[in-house]
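Generate the whole structure from the sequences, applying the supplied hints.
Chains as they are written, first to last, in this note's numbering: chain A, 1 to 460; chain B, 1001 to 1273.
Be careful, since some hints might not be right.
Some chain A residues flagged as far from chain B (calculated, every beta-carbon gap over 12 Å) [said to hold, decoys possible]: (1) K108; (2) T262; (3) N277; (4) E319; (5) F362; (6) R368; (7) N428.
Quick look at which bits of chain A chain B covers, simulated, 3 or more residues with Cβ under 8 Å [as the list claims (entries may be wrong)]: (8) 91-103; (9) 291-297; (10) 320-329.
Rather than coming from a laboratory, the hints here were simulated on the basis of the structure.
Note that beta-carbon positions come from the ideal geometry of N, C-alpha and C, so glycine has one too.
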Amino acid sequence: MRKKIALVTAASMLASVIALSGCGGNSGGGSASQSPTQAAGGTETKAEGGGGETGSGDAMHLTFYYPVNVGGSAAQLIEALCNDFNAENPDIVVEPVYTGNYDDTVTKLQTAVQGGTPPEVFVSLATQRFTMASTGMAMPLDDLIAADPDGQEYIDDFLPGFMEDSYVDGQIYSIPFQRSTMVMFYNKDAFKEVGLDPEKPPTTWDEVVEYGQKLTNDNRYGVGLALNSGSAQWAFTGFCLQNSENGENLMSEDGKSVMFDTPGNIEALQFWLDLQNKYEIMAPGIVQWTDLPTQFLAGEVAMIYHTTGNMANISQNAEFEFGTCFLPGGKRQAAPTGGGNFYISNGLSEDRVQAAWKFIRFMTEPERAAQWSLDTGYVATRQTCFETDLMKNYYEELPQAKVAYEQIDIAKPELTTYNAAEIWRILNDNIQSAVVGDATPEEALKAAQEQATEVLAEYQ
Amino acid sequence: MKKKKAIGAVITVFAVLLGLLWLIPLIWLVGTAFSVPSFHMTLFPTTSFTLDNIKYVWNAIPFGTYYINTLILVVCTFAVQFVTSTMAAYALGVMDFKGSALVFAVIFMQIIIPNDVLITPNFMTLSELKMVDTKIGMMLPFYGSALAIFLLRQHFKSIPRALADAARIDGATTWQTIWRVYMPCAKPAYLSFAVISVSYHWNNYLWPLIVTNSPANRTLTVGLAIFAKSKEANMQWANVCAAAFIIIIPLLLAFFVAQKQFMSSFVSAGIKE
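Pasting the structure below:
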């Protein structure tokens, strides 16, 4: 009898455990797939004063979450910048908290919001803004900008290519901070070796093929693209921008619909497969994002599509002469932007919001933004950055770095929608199935379109 | 007889080959950690020996603090688990009380819940207790272990009642019985759980990252992530390997020193279950 009762109880417990783990997984499990109501609820329960308790003296403590994506020294730079800010503002103490990579940061953020202790300020992907806005994790900044004497001037100073993906429904939710774009790095020595002019990098897809064929030999591929999940969608945004009828992006501006299966995009994906299978000038299968620069530096691939975040690494380590250039165009030249922005948490008291805003303004001052660009390889975010001596000297020393800045004029935001993490996954998965030969480009993108439309249906 | 020997030799050769195969990542890691960074990926280092990688990563993050924190986390967690699990296992395996099967079923079911799922609920509890960003908060959810209770209970059950009865006839109290009879007999179970617990907490990343904010409370894995997760540019394998080397060396040494005991404890724990 006792055994029977135990068994029944065990079974019912099991059922509830499974139910529990299901919902727990939703809220704790990384990326942007959380339920909006849950996160919003968490914000409401947040006590005034949030993350940092008022410590010694009267100083207000602010918590600042930041991810690091360009190696060890960036963390130290952030800490140093925060110390500078604290020294300059004795009434505010910003406590920087390293939060892993972008995905970990979102996980930690969601957990902290639900636990009632969100950070006041955080850096997250620009592409997360729809999620941040719809879940109520971040607040719109328009009132702050309007109240700031030179607020509008400040916003107008950001490069439009970067500022473009700060808006949700016409409101500004984030301020550009660590931003990058994709450029082409090419091996000038290899160009010379096969009789190509090293000062004339490819400008069109046809030239990519032509040059690639010349550059490919037994030990070297002509072209390199990282097609792994998490990177493919970035490069794909670029190729689709280059090949769409009127330069349309992969998504609508309101982040509520995607245009994956247009003829231009299908052609773009077909072009990737042709590089691998038809012309055989790109490594077959899937090359990892983090391995591609290494292969370039080893001379195993002559032209790569990669982030400007790699500029310092490549310029320090290349044992050959290298050049950079705009991404070659299909119907036109275009490139995607990427990277992280500042956000302010929702539901803070007024004085905390003000302090957070002050901190963001401090971190994005032209001199500082220029220095941050030099130290990390990110592109400086403001026009006035490029008038600083710091930036001028840098470009003189390393003209290759300037290409990224010039390219921002023709750059567009990378794929962003509501529930961006899920849409990214859908596009990546389907691109991969085309790359490994399980689907034709048309089938893959049609499937991606269908799945994405279904996910986005709830936001219409 | 000869045939048997031949089979034995084949098995030995196969085992050695398999062992070498498993050793490859370790060889590569150590080689890369101690040589000048190179862009050609090779199993054995092709560039000259250097300590710069180790020096660079050691100075880039406060490894000293992280080491102490990780040690505190691992040792304290296991020490508390040792006490709580022993008592729970004794109660469930030896003392026959009403509803013990039910209690055991409930505890046992925790084994099937992955720890990552519990991150948010645990965080919320800690947040209410104002224990976020404390070492005790980082350890608290692990003070009871369903796996340890399960392992020990099964072990205690297999120990003949007569041993305990004999001790009691000689005048031993319950505590003494546990201490002198049950615990020594269950040594293999304790050892295998120690390995599981220590390696799990040594390697755990997401929970310490989420529950701690200040460097004063963070662990080695969080420090490693600064190098291993810098995805935006390229993987700096020399730094990643150097940091990983610093982190794995204590466990690696412990394994080499106590290898025989680990193996025998796993084998005997496995057989008796």
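Hints versus structure:
no., hint, in the structure
1, K108, "violated, 5 Å"
2, T262, "holds, 29 Å"
3, N277, "holds, 25 Å"
4, E319, "violated, 9 Å"
5, F362, "holds, 21 Å"
6, R368, "holds, 20 Å"
7, N428, "holds, 14 Å"
8, 91-103, "holds (count 6)"
9, 291-297, "holds (count 6)"
10, 320-329, "violated (count 0)"
Violated hints, listed in ascending order, are 1, 4, 10; each of the other numbered hints is respected by the structure.
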